[in-house]
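Going down the list, the sequences are from chains A and B.
Residues in the first sequence are numbered from 1 upward in steps of one, following my numbering.
Residues in the second sequence are numbered from 114 upward in steps of one, following my numbering.
Check the hints yourself; a few may be wrong.
DSS-like cross-link-like pairs, simulated, lysine-lysine; straight-line CA separation at most 27 Å [what the hints assert, rightly or not]: (1) A/Lys49 to A/Lys61; (2) A/Lys95 to B/Lys170; (3) B/Lys124 to B/Lys170; (4) B/Lys170 to A/Lys49; (5) B/Lys130 to B/Lys170; (6) A/Lys68 to A/Lys49.
Stretch by stretch, here's where chain A covers chain B in the computed footprint (C-beta under 8 Å, at least three residues) [as the list claims (entries may be wrong)]: (7) 142 to 154; (8) 158 to 166; (9) 202 to 211.
For the chain B half of the interface with chain A, some residues (derived, Cβ under 10 Å), not all of them [as the list claims (entries may be wrong)]: (10) Phe214; (11) Glu217; (12) Gly221.
These are computed hints drawn from the structure, not numbers from a lab.
Here the structure is a predicted model, which is why all the values come from computation and not from measurement.
For glycine and all other residues, C-beta sits at the position ideal for the given N, C-alpha and C.
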Amino acid sequence: AQSVTQPDIHITVSEGASLELRCNYSYGATPYLFWYVQSPGQGLQLLLKYFSGDTLVQGIKGFEAEFKRSQSSFNLRKPSVHWSDAAEYFCAVGKTSYDKVIFGPGTSLSVIP
Amino acid sequence: GAGVSQSPSNKVTEKGKDVELRCDPISGHTALYWYRQSLGQGLEFLIYFQGNSAPDKSGLPSDRFSAERTGGSVSTLTIQRTQQEDSAVYLCASSTTGTRFGNEQFFGPGTRLTVL
Chain A
1 AQSVTQPDIH ITVSEGASLE LRCNYSYGAT PYLFWYVQSP GQGLQLLLKY
51 FSGDTLVQGI KGFEAEFKRS QSSFNLRKPS VHWSDAAEYF CAVGKTSYDK
101 VIFGPGTSLS VIP
Chain B
114 GAGVSQSPSN KVTEKGKDVE LRCDPISGHT ALYWYRQSLG QGLEFLIYFQ
164 GNSAPDKSGL PSDRFSAERT GGSVSTLTIQ RTQQEDSAVY LCASSTTGTR
214 FGNEQFFGPG TRLTVL
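Excised from the complex, chain B in its bound form (with noise of 0.2 Å):
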C-alpha cells in the first residue's frame, strides 16, 4: 500500500479482556515503531523493530503489553488482561532503514483503543 496502515480504526473492549493491535508499514520499510497517544498527552513511545528483532523494548508499560513482527513486515501489539488506563491512540510508524541516519518515520492513522 501506499501508507502505514493499522486495523482495526477503533476498538472498544472490556476490562480484563486481550486485545490484537495491528500494522502494516510501508513496504520494504526495515524500521517499525509503536507509540501510545493518551488523551492531550504526546507521544510515548512503546517499543521499536529493526526487521524481526525488537533492540528496543523499553518503552513497554508492563508484562502486559507485548509485540512481534513477521516477516519483517506486519505487527501486531498485544494487550492482556486490558485495564482502563489502556485506553488510548497506539500508533505505528515505519521507516525506511531506520531513523539513526535521519529518516523520517510515516505514521499511520492509529487505533483508538477504548477500556471499559
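Looking at chain A on its own, in the form it has when it is part of the complex (with noise of 0.2 Å):
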C-alpha cells in the first residue's frame, strides 16, 4: 500500500537561515508528488509537484524540491527561510493508475526572527 512518512513533526529555523523538509513513500512505481502548504487560518496550497523529467522541480515562493528515486525521497527546500514561511507542510503521494493521493502526516515549521 502506498504511504508517505514526513519524520519530522516539527520544525525550528531562524529567518534567514536554509530548510530543508524530508519527505519518504513508499510506492512500488513511478509516483506523482506533491507538496502543500497550509498556513494559520488558511486552506492547503500547492508549493510544487513532480509529474516527469527533470527531478529538481522548482515551486512557488521560492521552494524547490528533488525527487530521488533511490532513496524513494522528494525533500523540499529553500534557501532563505522567511518569517511567512511558518506553516504547516504536507507532503502527498498519488498513483499514475489511481485517482488518489496520500498526504503525509505533516511538518509543521516555526520561523524564529
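Reassemble the complex: the two chains are provided individually, in unrelated frames, and hints are given to aid placement.
Here it is as C-alpha cells:
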C-alpha cells in the first residue's frame, strides 16, 4: 500500500536560514509527488509537484524539491526562510493508475527572528 | 466561482444528530475528494468521486458516513448519529480530470465540525 512519511513533526529555523523538509514514500512505481502548504487559518495551497522529467522541480515562494528514486524521497528545500513561511507542510503521493492521493502527517515549521 | 467552496464554515451539533456538509467544486472539475483533518493531524482520505460515481469509498470510517455527488458538481457528505470523535475539519478538493494525470487538487476552506 502507498504510504508517506514525514520524519520531522516540528522544525524551528531562524529567519534567513536554509530549510529542508523530508518526505519519504513507499510505492512500487513512479508516483506523482506533491508538496502542499497550510498556513494558519488558510486552506491548502500547492507549492510544487513532480510529474515526470527533471527530478529537481521549482515551485512557488522560492521552494524547490528533488525527487530521488533510489531513496524514495522528495525533500522540500528553501535557501532562505522568511517569517511568512511558518506553516504546516504536507507531502503527498499519487498514483498514475488511480485518482487517489495519500498525504503525509505533516511537518510544522516555526520561524524565529 | 473562482475556487472550491464549502458550507457551512462551522457546524456545532449535539451527539446523535445528523449533519450534512456541502462542497461546490471548481466548475468543470470532474474529480472531487473529501478529507478529514483532526486537530494536529494530517489529512485522512475519506472518499473520492469521478463524475457522479465514487470508485473509492475505502476511507469512510464507518457506515454512519456517506457521500453523494449530483450533476457532476455539488457533493454532500452526510454523517449520521454524530459522535464526539467525528469532530474535525472536513476538507473538500477538486481536480480537473484527476490526480492520476498529475493534476493538482484545489482545496476548499473546510467545514469545522464540533460534536458536543
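Consistency of the hints with the structure:
For the proposed pair A/Lys49 and A/Lys61, the alpha carbon gap of about 14 Å is at most 27 Å, so the pair holds. For the hint pairing A/Lys95 with B/Lys170, the CA-to-CA distance comes to about 17 Å; that is within 27 Å, so the pair holds. A threshold of 27 Å between alpha carbons decides the hint, and for B/Lys124 with B/Lys170 the separation of about 24 Å falls inside it, so the pair holds. Distance hint between B/Lys170 and A/Lys49 is fulfilled; the C-alpha atoms sit about 25 Å from each other, no more than 27 Å.
Taken as a hint, the B/Lys130 and B/Lys170 pair is honoured in the structure, with Cα atoms around 23 Å apart against an allowance of 27 Å. A threshold of 27 Å between alpha carbons decides the hint, and for A/Lys68 with A/Lys49 the separation of about 14 Å falls inside it, so the pair holds. Requiring three or more residues with a Cβ within less than 8 Å of a Cβ of chain A, the coverage given for the stretch 142 to 154 of chain B holds, as 4 such residues are present. Given a C-beta distance limit of less than 8 Å, the hint that chain A covers the stretch 158 to 166 of chain B holds, as 3 residues qualify and 3 suffice.
Here's how the stretch 202 to 211 of chain B fares: 4 of its residues keep a CB closer than 8 Å to some CB of chain A, so the rule of at least three is met and the hint holds. A distance limit of 10 Å between C-beta atoms decides the matter here; for B/Phe214 the minimum to chain A is near 8 Å, and the interface restraint holds. Look at B/Glu217: its Cβ gets to within about 5 Å of chain A, closer than 10 Å, so that hint holds up. A cut of 10 Å between beta carbons decides the hint on B/Gly221: the least distance to chain A is about 7 Å, and the hint holds.
In the structure shown, no violation is registered for any of the earlier numbered hints.
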